[in-house]
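Work the whole structure out from these sequences, hints included.
Chains as they are written, first to last, in the working numbering: chain A, 1 to 251; chain B, 252 to 547; chain C, 548 to 1103.
The hints are simulated quantities; they were obtained by calculation from the structure and are not laboratory data.
The model shown is predicted, which means the values in this text are computed figures rather than measured ones.
Heads up, a few of these hints could be off.
Straight-line C-alpha distance at most 25 Å; calculated SDA-like pairs for lysine to any residue [stated by the list, open to error]:
#	chain 1	residue 1	chain 2	residue 2
1	A	K2	C	K589
2	C	K597	A	R236
3	C	K1025	C	S611
4	A	K84	C	K589
5	C	K597	A	K84
6	A	K111	C	S789
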Amino acid sequence: MKTEESIMQRIADAAKAVTRGVDAKDIEHWVTIYIMGRAYKVPADLTILTAMEYAGYRFVRGVGCRQGFCGACSTVYRKEGEYKLQTGMACQTRVEDGMYLVQIPFAPAEKAAYDISKESYDASVFLKFYPEVARCVSCNTCTKSCPQDLEVMDYVQAAIRGDFQSLAEGSFDCIQCGLCAMRCPADIVQYNVAQLGRRMYGRYGMPVPKHLITRLQEIEAGKFRGKMDQLVAVPREQLEKLYASRVREAD
Amino acid sequence: MEPDIHKFPYYPGCTLKTTARNFEVSALACAKKLGIELVELPRWNCCGTVFSLTDDDLIHHVAAVRNLIRVQEMNRDGMVEENRLVTLCSMCFNTLKRVNLLVKENPENLEKINNFMYLEDDYEGNVEVIHFLELLRELDPGAISQRVERPLTGLRVAPYYGCLMLRPREVGIDDPEEPTIQGAILAAVGAEVIYNSYMKVCCGSYQTVNDKSAVARLVYDILSHAQADGAQAIVTSCPLCAYNLDSRQKEVREIYPDFEQIPVFYFTQLMAVAFGFGADLCGFDPNQLVPEHLLK
Amino acid sequence: MGKKTTGIRYVGGYPEYMRKLISIVHKTRAKRRDYTPPPMTKEEQEEVLKLHPDYAPGGKRTISVGPNKGDIGPTEVVDLVEAYPLVEEGEIDLSKVDYSPDILIIGGGLAGTSAAIWANDSGIPKEKILLTNKLRHGDANSIMAEGGTQAADRSVDSPERHFIDTIGGGHFANKPDVVRALVEDAPLIIRWLLDLGAMFDREENGDFVEKWGGGTSIKRLHSCRDYTGLEEMRVIRDELRSRGIPCIEHFPAIELLTDGENRVTGAVLWNLETGEYKIVKAKATILATGGFGRLHIRGFPTTNHYGATCDGVVIAYRAGARLRDIDTVQYHPTGAAYPIQIVGYLLTEKLRSSGAQPVNKDGEAFVFPLEPRDVEAAALIRECYVRNKGITTPTGLRGVWLDTPLIEEKNGEGYIDKAFPGMRRMFARFDIDMRKDPVLVFPTLHYQNGGIETDPHGKTNVEGLWVAGEVSGGVHGKNRLMGNSTLDCLVFGRRAGISAAEYVKSGRGGGALTLKHVTGYVKDLERAGIRPERRSPILLPDYRGRAALARMIDVF
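Put into structure tokens, the structure is as follows:
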């Protein structure tokens, strides 16, 4: 085997635990978790998601990107001896001994239909599509349930007073897992309220950059057409030369 | 010479950020002119809107207490050195002050609320909720009139109080039967103050949502009595009163065809005119009735 | 936090021995602050690329059936192409049609979703469109795109420049007319997203904050913090939902249907939960099923989502679609190498374009941070496995440091919180503060460079079949540039949506629903001597524990 090929083999061997699942014989430390009430002994270094897989679950629901972006693996758990329910993304939360857990793979929450090009850029848009925002009693349960650690209640309050910027920036990192809405005593769908608010802010809160408008006009007017016609026809050698002679923009 | 600036924590409330922006804009400008800087609470939330009278309904007081904690934080972080929280909207004032009173008088309730809000600092009960009008009343005599650049001489104005800044008595900022706190300011800016007994009659409040005609009848009583006493304009400090008194005039005319419309302002708008501020700071609604000579 | 069950002592998320190595990085930081190793010459690049998984010997074999017979591909991909179907002719009832849209779109990432919206804008009524998803709508690689979207919209930039960068990065294997469509439409796509309400990073005056992407000659990257794909996906998904365009979830396509004469006429969908199949009859079919990261080509960890299993390529290939550049795989230079829970996860290139440097065990900056991805990845492999200057983790993986504290030294305190909230959050969950300490990185399987060959309108060589996004081949050549993938999805999603709508409106499309092509393909497999050991598409990877699997009884 050539050196390069054996290096590839060494890389694959080192990554086996990640690409093919951990092997019990490599594990020193174990914890017991309760998946929907039933106890399983799993390696201590796993996330809830990988621990459930280790235990024999093959996911069809409750899993998506596996890296904390998509919000598919919402999980509610409680630790033995504690009364508080906690929340987390199964793919981003380490298992702990005595964890009782269940996944919430779907949030049956309302999503309003609208055309943002026809709505007015003020607080009334929230009362129109999500009138229940006015029921917020500032209990902060939503904030406590957010696996992204967002100040959810603060952004709902911003919506109520039409502060689009605070709402948009405060909710920007939302992965729409739905846990806030599932816990809200006022039945507010925080993440959908935020989605509406961000889109309104994105469209109306900031001007369209002038350089973008200019470029679109130039394209429309055919400014680049001739050069592009030539470029797609030039032989590879010439493209290579053009590529090699690029001047890098200053930092 | 501009006065020294004194910073107060300030709670705007949702309405002042939406339909009553003109109230906030004019109030902040007038305050500044008088050496008062109203520093908006960081991260404030809804006041709770209506004070809940149910004994065991503590969840509806959480919102107000959370705002009071923000005042503590502002003091802790050096943003202000002032425990008195200034409000403008009568509804917010009433709710915040009553909750503050309730938790100060019921340590057990306060403890429960504090425990529920375990992510926040405990509320220690040291904040005092006041209305901007109270702050103006404290100023040296003449402080307001000295700043007047354009006295409202000849303008006959009826102050309207409604319920929320007078009742219940323990939170009221003035004599609930014979209030003078707004009238004194109007007089200081040169207007002629028209007192009448309807200035503390309920405006109809939230009945405006489901029974417009009931509200229209109350509004007619309030406005027509003021007009009969010679008033050319009404002032108030409550966005809900202002809304009812102003917007329901259409329905009033349907019931009483002889009724003539009358403009409704926030007291701070008339102060702003008298202080010589431009239209942007006076915040007159382009659709609002404004006496000709006021704008000249 | 910080409670560990092992005997090793951890400080700030790292075991003590790694902590000692980090102190070397801290020591050399001041020296490196204003020093960047020069970009490699062409010869140096060629030399180091021998260590790239695409060029290192092994890991590939020749395809023995189908339109690309004789071409080579990664073993894992060829295994799926040379596998038997899940259903064959006669096994299912094709006479009862469950859905009959004008346009069927398979896959709801950025490409499929934008195709649906643009088809609707081009005059196809919403109820005549069907978007089907294997997982939930939006659970796709799109939503995980961190860095940004390229578009030549600054006055100092131009579509030609974008063209040259893209085609050079792709080693001149790209289809020029397809690249042209990509770069010419880019500004329009950005404008479209703005009108839909996407929140790009902006300067005070409203101009875009534009950043470097590896392999580009100019700053051209439009970002939304480090959640660019998430923001773009959320916005267009919300638009699709607001319009009420029909969308079904957990319903992958397991086979295309054809009229038996080189025309796609529909698909067989399969309910992942109940196992029931549904028959779709469509006049036009747009395939937007994404890539193949979950095949773990050459045993690499991946940045890809759970459903990236090459399904689209497999079913289209059986229907006669030609593949292109399927032999090249993009390894992102900087996947997380520590801690074990996040190995392989993407650490966006924007970290490097914002100042973070790859640093070896001795605290040296050893490579220009923004080489094209294949070169950068190979350089990291060389540092770890040839020069032996990598850092070995407690589980035996090797990596080099990515010196993230440099980002704040160069851009000011608070910059990481603002620009990389997702990254910071991910490491903080494992007690690592990337503002203060470097993070450990190693190349990770990221992107399927090639795929089903497309023309500038997303059309394939099979009538009635369009492709868009990662499943397609031609636009990126043999190596995709940063910021060109979300752009690819949005440009060709749009073009495929419009082109398919025009096709339908002109009265073409549709036909008999058969699996004749599958029968023919199976015969080819048999003739090639391939035994019926494997079936495909696989739909999902399997990470179940071996101990649990060993005792499983298949009852239901």
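**Prompt:** In ascending order, which of the hints set out earlier in this document are inconsistent with the structure?
**Reply:** Hints 4, 5 contradicted; others consistent.
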